[in-house]
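**Student:** Each chain, letter by letter, is given below.
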Amino acid sequence: MARMKFLCDADRCIECNACVTACKNEHEVPWGINRRRVVTINDGLPGERSVSMACMHCTDAPCAAVCPVDCFYTTVDAVVLHSKDTCIGCGYCFYACPFGAPQYPKVGNFGTRGKMDKCTYCAGGPEADMTQAEYVKYGSNRLAEGKLPLCAEMCSTKSLLAGDGDIIADIYRERVVTRGYGSGAWGWRTAYGETVSV
Amino acid sequence: MKAFTTWLFAVVALAMVVTLSPAPAEAQQINPTAESVTEDALLEALQGGQMVDGRVSIPDELSSGLIKPGNKGWADRHGGLVRTLTAIAIVGILVVLVAFYVMRGKIRIDAGMSGMSILRFSAFERFAHWLMAGSFIVLALTGLNLVFGRSLVLPIVGEDAFGTLSTWGKVAHNYLGWAFMLGLIMSFVAWIAHNLPDKVDGEWIRQGGGLLKKGVHPPAKKFNAGQKVIFWSVMLGGAALSFTGVMLLFPDWAGGQSDWQFYQLIHGLVAAGLTAIVVAHIYIGSVGMEGAFDAMGSGEVDLNWAREHHSLWVEEVEGKPEYEPHAASSKAQPAE
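Read top to bottom, the protein sequences are chains A and B. Everything in the first sequence is counted per the numbering used here, starting at 1 for the first residue and increasing by one. Everything in the second sequence is counted per the numbering used here, starting at 1001 for the first residue and increasing by one.
What the hints contain is simulated information worked out from the structure, not anything from laboratory work. Treat each hint with caution, since some may be false.
Here are the simulated lysine-lysine pairs, BS3-like style, with alpha carbons at most 25 Å apart [unchecked claim]:
| # | chain 1 | residue 1 | chain 2 | residue 2 |
| --- | --- | --- | --- | --- |
| 1 | B | K1221 | B | K1199 |
| 2 | B | K1221 | A | K137 |
| 3 | B | K1199 | A | K115 |
| 4 | A | K24 | A | K84 |
| 5 | B | K1072 | A | K84 |
| 6 | B | K1199 | A | K106 |
For each label pair, taking beta carbons as the anchor points, the in silico distance ranges come out as [said to hold, decoys possible]:
| # | chain 1 | residue 1 | chain 2 | residue 2 | range |
| --- | --- | --- | --- | --- | --- |
| 7 | B | M1103 | A | F110 | 11 to 21 Å |
| 8 | A | T157 | B | L1085 | 28 to 38 Å |
| 9 | A | T112 | B | W1130 | 43 to 53 Å |
From the three backbone atoms N, C-alpha and C, an ideal C-beta is built for every residue, glycine too.
Could you put the whole structure together from the sequences, leaning on the hints where they help?
**Tutor:** What follows is the structure, given as structure tokens:
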């Protein structure tokens, strides 16, 4: 089985935000929620760099560890998904996530959070694959259709890679060797406890 | 003519290829992002700081954090330290209470029931107590559900029922917190004057409150030193829980993510400690001591119970002009 990962080649990201837009459109993500975002470090200064970030589908995901209702599960492709039927919107997964992936709609009184929403790696949720029920809660299930996440698929500079961790790491390594430089796989050390060595 | 055009295109194309392609060796020397920040440097520069962050063009300030490795620390503490300490507090106090019950048994009224009772707590005091106590029990159970429900309740009731239960638990926790805060304030107003430490407390503590030995009853006013400890634990712990709880209810007021994590940590630890103290309080106020529950039940306590446990308070009450002991309604002596 594949071990799905994202890899953002930050030397290629041009902060076009197409991944953010594609994600919002593909899954009809509600207003105020962003499953993916592009963060620009040192914006406007020499040495600025943009990185596209979403749920990294961590190994030993901390969100799953702290969830009081145990609503997270990991698929055979190592994608970290959750059940919105079980989620109570406590916010613990957001406290625990190193990548700020969990998002909550604002509902009800006080600062009460609705049920958590996050990147599904375009793999839907616990409902039956490619059903309307699944689409309404989690968005489309491209993985079930044999496709990779849309954000990476339509990245204009092919900065964002999605697929089996070993394969995209190989693609990235080849790039680095060919062009002679590379800033590494952002977030990998935190998410998977390893990085791509060239 | 056609042959000439083709020949011209070929020459032009060849010329472009020759002029535009730089030598491959040179291309590999240029790194356009050589001056740019690297992840390793940023993570090293954190030094236990909050996060690697930047700017986002979407209108959500919170999403400007890129990597926050420290969040895993909160996750580890939450699943490790907080969970362990909570388990130790709850199981520990239960073990202590069972051991106490086995060794000492139920504390009886040495002189027996007198059949005469006096008013110990007014309706206002009892309302304040039960408002606070009732809400606290629900808050404690729903809070403990967040810590242990996943391993204790979930396997028994199943995923659907547990999700529903926890959702209602969260709603109850969010709303009953306000009832608890009101009860806390009312109790503070009602009892602060009686809970200031004085020299009687020293003697009470020296005699172990008379808890350990039958027939020993150190003098005490309206509240003995043990009850004062409960009072101040509830007031200080309750204040801490209220403040951190309100901050968690209104995350916008609290600041950023690290502030929420801090308030959540304090909320969890104080709640565990206070729950353990309250469990002991419930024990001694119900099954642990004969006649104690009446104080908060009907508000009327047996005169002998009062003389044994709050001798100075009884003297004080007896000195008042409106003092009138009366036959306890349920255990009335037959008329002579």
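**Student:** Now, for every hint given, state plainly whether the structure supports it.
**Tutor:** Here's how the hints hold up against the structure:
1. Our distance criterion of 25 Å between C-alpha atoms is met by K1221 (chain B) and K1199 (chain B), whose separation comes to about 11 Å.
2. Pair hint K1221 (chain B) plus K137 (chain A) does not hold up; C-alpha atoms about 61 Å apart against a cutoff of 25 Å.
3. A hinted pair counts as satisfied when its Cα atoms are at most 25 Å apart, and K1199 (chain B) with K115 (chain A) does not qualify at roughly 55 Å.
4. For the hint linking K24 (chain A) to K84 (chain A), the alpha-carbon distance of about 18 Å falls within 25 Å, and the restraint holds.
5. A C-alpha spacing of about 23 Å is found between K1072 (chain B) and K84 (chain A), which places the hinted pair at or below 25 Å, so the restraint holds.
6. Only pairs whose Cα atoms come within 25 Å are accepted, and K1199 (chain B) paired with K106 (chain A) is rejected, the gap being roughly 54 Å.
7. Checked against the given bound of 11 to 21 Å, the beta carbons of M1103 (chain B) and F110 (chain A), roughly 46 Å apart, lie outside it.
8. Here the CB-CB span from T157 (chain A) to L1085 (chain B) is close to 50 Å, at odds with the stated 28 to 38 Å.
9. For T112 (chain A) paired with W1130 (chain B), a C-beta distance near 27 Å fails the hint of 43 to 53 Å.
The structure fails hints 2, 3, 6, 7, 8 and 9 (numbered hints given earlier, in ascending order).
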